[in-house]
Every structure is written in C-alpha cells, then in structure tokens.
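For reference, the chains in residue letters:
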Amino acid sequence: MDTNLVSREDYITDLPESIIETILTKLPLRDAVRTSVLSSKWRYTWTTLTELRFDDDCCISDAHHRALPETGLVKFVNQFLLLHNGPITRFTLSSEYLERCPYVDQWLLFLSRKDVQELSFGLAETEWFKAPSCLFSCKKLIALELVRCELDPPLHFKGFPNLKRLNLQQISIAPDAVETLISSCTLLESLTLSYFEGAKLTVRAPNLTYLMLEGYFKDICLENTPMLVVVSIAMYMAEAYQSSSCNFDKVLGGVPSIQRLTGHSYFAKYMSIGNTLGKIQPTYRQLKIIDLYQVSFDDMTEIMVILRLILSAPNLQTIQIEGSSWSTDPLDLDFWDKECPRDATFAQLKVVKLTQISGLPHEMRFIEFLLGNSPALEVMDVTKNVYETDEDEDMFMEILAFERASDDVEFMFAEDQV
Amino acid sequence: MAEVNETDQTPNLGDSTTPSQPKPEQITTTNVAVPIPDVGPQLQVVVDEFILKNGSSDEEVRTAARNDLRDFIEREEIGITTLLVVVKYAHEFKNADLLDAFCERVADLIKDKKVVGVREIFGIVNDFTPEEEHALRDEHPWAFED
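Note that the protein sequences, when read in sequence, are chains A and B.
Numbering follows this note's numbering, in which position 220 of the first sequence is assigned residue number 308; successive positions increment by one, without gaps.
Numbering follows this note's numbering, in which position 48 of the second sequence is assigned residue number 1165; successive positions increment by one, without gaps.
Calculated directly from the structure, the hints in this document are not laboratory data.
All of these numbers come straight from a predicted model, not from anything done at the bench.
Treat each hint with caution, since some may be false.
[Claimed, not checked] Derived pair list, reagent style EDC-like, types lysine to aspartate or glutamate, alpha-carbon separation capped at 16 Å:
| no. | chain 1 | residue 1 | chain 2 | residue 2 |
| --- | --- | --- | --- | --- |
| 1 | A | LYS114 | B | ASP1244 |
| 2 | B | LYS1205 | A | ASP98 |
| 3 | B | LYS1228 | A | ASP145 |
| 4 | A | LYS114 | B | GLU1250 |
| 5 | A | LYS129 | B | ASP1244 |
| 6 | B | LYS1205 | A | ASP145 |
| 7 | A | LYS129 | B | GLU1250 |
| 8 | A | LYS163 | B | GLU1256 |
| 9 | B | LYS1228 | A | ASP119 |
Please model the entire structure based on the sequences and the hints provided.
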C-alpha cells in the first residue's frame, strides 16, 4: 500500500467536532456507528449526528430476521435513538420491510421533542402507516415527506408554521383536510402530491413556487398561487372529464410568473373544457418551457389549448409535445386557414421537439404553423411512429418543404418502431 | 463566528449536558483562495481553480468544477495527511463546498471498512481493552455484522 494512503500519526481524531460530524454524515449509519469502536475519543462522536438516515441497508441480515420487529432495523433504530445525544435536524426512515408497529409512533414522539426540521417516512406497502398526532406537533418542520400513510390532522391543528416543502406520496387523507393542510402552511414553497386519489383539489398557497400534482384528479383549482414558477400536473381520470368543472382558467388563470409548465396524461383534455381561441389572457411573460404528453391532435379543443398557451407566452423558448393521435380522417381542417392567427410571431421560440407523431393532417398543420412563425427557431426535432406496414417516407420530406421563418433551423428526424 | 475550539471535540456523556458549541454557520462558500501550507503546488492549483469555478453563477460550471475536483482527488490518491490538512483549512476559511468535497473523500476511505482497517489508515490508536471493545460491539451487533 502506498505509504501516502496510510498515516503514521493520527490527525483525524482531534479535528473540530463539526468536521467529524460532516464526515460521519456522509457515511451510511452503519459505518458511522462503527466509528464508536475506533478509540475512546470516538466512542460517542456519532451520537451527536444531527442528520440520520435509516434504511434497509442499515442492517444486512437475512430477510427473515430483518422482518422481525425485535431484530433488524427496529432494534437498530431503538438503540441508536436511545444513545443519541443532542438535536436531530433531519430524520429519514425508508424501508420496504418495516411494517407499522408501535415503535414507529414512539420514534415520531421522540423526534417531535427534538425539534426535527426535515422528516421523511416511508414504510412497507402492506399496511399503511397512520400518522400519530405527535407528527402534527413537530413545529419546527421545514420539510416533510410521507409515503404510504394515513393522515388525519387533529381539529385544532393550525398548520406547520415553518414548513417550506411538502411531499405526499400515496397518502390517504380527507379532501378538505389536505386543502386545509396546504393553506395553513403559509410558508409553503414546494408541494408534491403523487398517486393522489382525491379527485378534487383547490390549492391556496401564496408562497408556493413549485407544484407537482399527479393522480386521479377531476377538479383542480389553483386559487391563490401567484408565485408559482414550475407547474407539473398529471391527470389520470379519463371518464370523469365530462362532468368536471376543471378548466384552463381554474388551473392557469392565476399563475402570472410561471416559467415551466408540464402536463401529463389527460391534462390537455381537462384544460380544453370551456376554452376558446379568443381568450389569450392572461399573458405568461416568464413562461419559457411547455412540456405536454399524450396530446391528442385529433381533438380540436386540445389543439386550441396548445395554441392558447403558445400565443400567450411571448418569451416561450421550448415546446415539447408527445402526441397521441390516431385519426386519419380529421375534422375542422379548415381551422388552420380560417381561424388560426397566421400573423402570430413566436419571437423567442428556439426548440421544438415532437414525439409519437404519425404525420396526421392536424399534426402537419401544427408543424407548418410553428415553422412559418418562428424566426428564431434553432431546432425542429420530430420523432415519427412507424408501424410495421408503413412505407410512407413523405412526412419528413413534407416538413422540409414547409415555409420556414428561420434560416438556421436544424432538423432532427427519427423513427420509433411501434 | 462561533468557531468550535480544538479542545472541545470529545463529547463525554458523563460530563456537561450542554451540547457542543453551535456549529459555525454554514456561510455561503467564499471565493477566496485558500492558501494551504504543506500541500504540493499541484494540489494548490487544483484547489484554487475549484474555488474560482465554484463561484460561478452558472450551475453547470459549478457542477463540472465539483466533478473535476472529485476526479482529481481520486485519481491522484491524495494522502491522508494532505486530505486532512485541506479539510482543516477549508473549515477555517469557511469554504463549505471545498470542505464538503474533501470530507466526502475521507468518508469514502472509511466506508465499508472494518474498524481495524480504518485505524490503520488514519493512524488511530486503539485504547480500548479487549473486553471494552467486545462490549461496545455487542451494543450494536448489526453495525458490526460482516
């Protein structure tokens, strides 16, 4: 071994405590605990760690032992917390094996007394963990992440006064309760709800800058979210679309500072409810990136949603759309000649990326419209769906023949075997 | 700033119950060059460059700077003593990112090693009796299972 890699003298043990803590924090907890045996001076250094992460790697024992509450992770956490000294600022518990047990409630009680600031809990899938009421007395929480959990905030709960980041994944909570939870955390900056089955959601969060909603939503309303910068919404509920009261203005009517918009699944469909091309308010001056998935170019109303978005975003730079269209027999094709504003200019549009395109009439008109009205366009990237029997090579040739407003467009064409 | 004294770093459960002095605030990393005595000129150059690039407002430049530093440290197999000298001075000059990068390397040298191996690398003298050590290991059997 290179003598350089071995130190003859001990320079590490007497370093300032905060350096030792920085080093130990970068170790998995097992290794951090092992340092207790290095020498007598190291015996308790690990007990003042303020950032703790417990996961299935903490105990490598066989699966049988791991699952038993008396052994494995539970024992490790219990002993660790018993010996721990000082504040705990960040606590993460993530295990696919650990099921709900009384200890978990006790740990949360312990943490609520330690002024924990960042908390992340995710247990096994078998039985969802019901958050004990002491969770709601963690007043110092800045970040909270819960996975597979039942949340039932007590009546007197007035929100987490310091909470900035909230991430709830596969959570069971009453619809009013989640709305109240969000609105009562007045400092909230980042909100993520995934695998959500609440159907209806109104968001009131005056300081929110980042929003990610994913689930079976039917009605979304961003009622008080003036600071939102990044919005990502995935709506999986297809059938309820007819009876929904959700629409473009309810979701995007109050987000003047938005910079990045991402829409998945049925998002475009829900935005199309009640939308007409005449409306191009509000203007989104900061909107730079639009990223939409499963957009049906067969549906004129969805096309109008896209058009409304790009016509109200004068500084738009990037459009990414994944198509999901089938109909070779389109309706309303004359829309492009009659109603579409042919003199619009997309002055900042640089990149257009379209995937799952089949060369259908509406798709082609859309591409033509963009090419003809984007003087600063640098990239037109189109990926075509190719079916087995397809011999049609003309789509790319047709695109190349469209009139283009920019001399510097780089065309990137690709094919996806379907 | 509350600088933790060198004499203060042995938490002794039997002693005072006040936790150690508050950690020096993690101030945003300064761009000041960190003149480090006792390190070779090559490393000094690399550190200076890192500090410069890490001060950039461009996130990509900063990420590249961190990756370059990490690659350099691994490639050159910087000696323990040198690593700890840099760590100490980064701490003193309150350069959080520099401290972070080198502490990461120190942590890598500890990770997944047996206690005996760690002692050897860092020159730590074992002052436990065999009985004491055995008892300690029994406190956390899971940590020592290999």
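Hints, verified against the model:
1. A/LYS114 with B/ASP1244: 26 Å, violated
2. B/LYS1205 with A/ASP98: Roughly 14 Å separates the two Cα atoms, so the pair holds.
3. B/LYS1228 with A/ASP145: 13 Å, holds
4. A/LYS114 with B/GLU1250: Outside the cut-off at roughly 24 Å; violated.
5. A/LYS129 with B/ASP1244: 9 Å, holds
6. B/LYS1205 with A/ASP145: Roughly 31 Å between the alpha carbons, so the hint for B/LYS1205 and A/ASP145 is violated.
7. A/LYS129 with B/GLU1250: Holds. A/LYS129 to B/GLU1250 sits at ~13 Å (cutoff 16 Å).
8. A/LYS163 with B/GLU1256: Roughly 11 Å between the alpha carbons, so the hint for A/LYS163 and B/GLU1256 holds.
9. B/LYS1228 with A/ASP119: 6 Å, holds
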